[in-house]
Amino acid sequence: MIASAFGVLFDGFAYGMLLFILSVGLSVTLGMMNFVNLAHCSFAMLGGFVTVTVTNELGWPFLASLPVAFLSAALVSVAFERVLYRRLYGASDLDQCLLTIGIVFVSVAVAAYIYGTIQQPLNLPPYLRGTVSILGQSFGAYRLFLIGISIAITVALVAALEYTRFGAQVRAAVDNQRMARGLGIDVDRVFAVTFALGSGLAGLGGALAIEIVGLDHAFAFTYLIYVLIVVAVGGLGSIAGSFVAASVLGISDMAGKYYFPELGAFLIYFVMVALLMWRPMGLFGRR
Amino acid sequence: MSVSALSTRGLDKSFGSLVVAKDIALDLPQGERYALIGPNGAGKTTLINLITGMLRPDKGQIFLGDKEITALKPDERVKCGLVRTFQINTLFPHLSALEAVTLAVCERRGYAGSWWQELPAYGDAVEEAYAILVSLRLGASCYRPTHELAYGQQRLLEIALALATQPKVLLLDEPAAGVPQSESAELFAVIANLSQDIAVLFIEHDMNVVFRFAHRIIVMVGGRILVQGTPQEIAADMRVREVYLGGAHHG
Amino acid sequence: MALSTVTEPQRYLAAQIRWQPIEIAFWLATLLPFVLTPNYLVLASHIAITALFALSLDLILGYAGIVSLGHAAYFGFGSYTAGLIAKWGWGEPLTGLVLAAAAAGALGYVTSFIIARFRHLALIMITLGLGLLLAEAANSASWLTGGADGLQGVRMWTLFGVFPFDLYGTTAYSYSLVVLFLAFLVARRLINSPFGLALRGIRENAIRMPAIGAPSPAHIRKVYTIAAVMAGIAGALLAQTTETVSLETLSFARSADVLVILILGGAGRLYGGIVGAIIYMVARDQFSGMNPQYWYFWIGTLLIAVVIFLPNGILGGMARLVRSERGRA
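Chains as they are written, first to last, in numbering that gives the first Met the number 0: chain A, 0 to 286; chain B, 0 to 250; chain C, 0 to 328.
Hints may contain errors.
To be verified - So the derived label-pair ranges between C-beta atoms look like this:
| no. | chain 1 | residue 1 | chain 2 | residue 2 | range |
| --- | --- | --- | --- | --- | --- |
| 1 | A | Tyr126 | C | Pro291 | 37 to 47 Å |
| 2 | C | Ala217 | B | Gly228 | 42 to 52 Å |
| 3 | A | Lys256 | B | Arg108 | 53 to 63 Å |
| 4 | A | Met276 | C | Gly160 | 40 to 50 Å |
| 5 | A | Ala159 | C | Phe251 | 28 to 38 Å |
| 6 | A | Arg177 | B | Val18 | 19 to 29 Å |
| 7 | C | Pro20 | A | Arg81 | 38 to 48 Å |
In case anyone wonders, no lab produced these hints; they're calculated from the structure. Glycine included, every Cβ here is placed at the ideal spot set by N, Cα and C.
Chain A with its partners taken away, still in its complex shape:
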């Protein structure tokens, strides 16, 4: 009983870490520019499909494909930001929602056109398959890897925010955009770079997701809801918030599926609505 509970905790946490990587970029850019980018998971999906193509068609090793996924998502997001998003920075929430939902529709259709509607296969290297035994407990190797990467990324992000000049500018821009501009910070450039980074992370998340939840043409839609829940519950502009919310969400989803399969996704939606009603700005949000 305890072993299975621990297993649920571990798997849930790993899933939560995946959600974290997928969501953190959106949380920060939403908090900074209040731009509702519902197409965030389209960039994630892009990263996933790039990895699939690179490993299956070009025969690259999985690990090598991860930076490619990150970079391609980041670059494509820059293009979108230049061409489309920039026009709507001052627009209403609704208009931003609609534009980005439109992009989601298009990306899902394009993905289906190129790759079909099936689950994408992925060949993992042997050292990432199977289980690893630590202190008598067996842990999935891939999930260990996922947790490891996530923690490394979290540490890197927090360190960059706290100790680099760019990080200070990001914090200032999230805290008070007008003031930051007044201090001479080029908020637009900070946003563009942060946006690229966030989308790149989403792309990485998409690549990492294949083994855990699979990848198909509807990924941009399916996981959008979970990402939005993480961002709304965790609080806009907060890395810590995203981390906590993603972990809670991942674990409760896993626990729900394991212990109350009849409830389905009911539990998550209920928890989300309840949490948002208690803290409309999110657990770690401000304003």
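Chains B and C: place on chain A using the hints.
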């Protein structure tokens, strides 16, 4: 001595370590014109936000006449007769001036909940709105959408909206902000002609305006009231002069 | 001083809300399908139902400015209520419709207390979450709803004891059209009332409203309940005219579709939902043979184009055109 139209006791507000209001106690008698002055960041607009209920104080009480309104929601305070205007135009861009003021009148008269009768049928509300607009010299342009009005006209519309609620106490937040000298005369004529029944507290930077209209001046610095007094007393006060860098005023 | 004559400002306001000839022409044109396209009356009834649903969303989105990603909850709730009433033996359409409307209205009223308290992202997420919750609940309660198979055994009696619901759709379209028109009259009345003006005030500047003494939450609760009733009526119409109810009526897809339709036609213009519904549903019918992926590609592209080039939808674009023509004349 009759009860003040508006009074506060011990009003405190802080955001973390930032103190924006400390122990604010003021009394505004009926029919008086008080000016609230102070350097930028002194907490003047914050005080108005506290009094109108847009911000909740950490401590303190607010009274309208002899009625305590500290716990009332902003719209309830308006219904009691406490109204403010905004420093930055906070209007309804795509409503015509007539529609905007009619809306305020309808809210006051309790018509705004009725959804069965068409608006023109409420002739009394429409007429009252039109009369207010005419008295503020906006009658000719009242059919145009708000965003098409000149800036000075929009500032007048700010006041029109406030007057439509038939206030007992009117808080004007920099009513002439951004209005060029050529247009401000009209604005001040309006303010001068406000009914003697209304008590007015206005925030202003232009000392000429302050000395012209105010019966009494309250000086705020760093969230606290530094000193209050008649215009002569304030003009002579050394501390006030220091705060304003030797008496020079902002334009 | 009593005013016995109608004054200029009143006349101006009255002129704003007068029935325009083009509106009368439009409603007369809705009778054309009986004559011109008698084989497509079932589609016409679906268009009317969707138009009613979009109109209900317009009340909260176009006029009060509430962005809802879960409006299908009331549509589906009305649909299932009407379907269940018929399934349990009472197949009379009109009373079923009224009961379903009341049920959807009750649900709307209860949720309106939550809705009125939030704005921006929290509001969007809560509407989304509530819609998903109801959809999940309906999925799980398959003993009641039929689950993924949908509600079976819905048998409607004849309308007024005379008109049966048949495959040709004559009754279906007449019924839906009349209900749509009546609901439209109510909506039109509402928009042109002081309450309608207050809603537009909330949309235009939510901060100013309490500053003029407006109880915004009370206004929002009222319009949200009315919109829920209307959405529930639309859902009930669908259940009754098709004699079936599926989980799709509660789905996020339906909430998103109606949002697209309203934006396409133009929100806040009363006719936007109707125009959007006509265009969207006719297009979807024409391209129904198409691979669904291609459909979503074009809808997505259209959505992007509308947001960038036609932010007020088709009706907004047409209004701008008319204004610029007038300016030139």
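Structure-based check of all given hints:
Checked against the hint of 37 to 47 Å, the C-beta distance between A/Tyr126 and C/Pro291 comes to roughly 40 Å, which is consistent with it. The supplied range of 42 to 52 Å is met by C/Ala217 and B/Gly228, whose beta-carbon atoms lie about 44 Å from each other. Taking 53 to 63 Å as the suggested C-beta distance range, the pair A/Lys256 and B/Arg108 conforms, at roughly 57 Å. For A/Met276 and C/Gly160, the hinted distance range of 40 to 50 Å is satisfied, since their beta carbons lie about 48 Å from each other.
For A/Ala159 and C/Phe251, the hinted distance range of 28 to 38 Å is satisfied, since their beta carbons lie about 36 Å from each other. Checked against the hint of 19 to 29 Å, the pair A/Arg177 and B/Val18 passes, with Cβ atoms roughly 22 Å apart. In this structure the hint that C/Pro20 and A/Arg81 lie 38 to 48 Å apart at CB holds, the actual value being about 46 Å.
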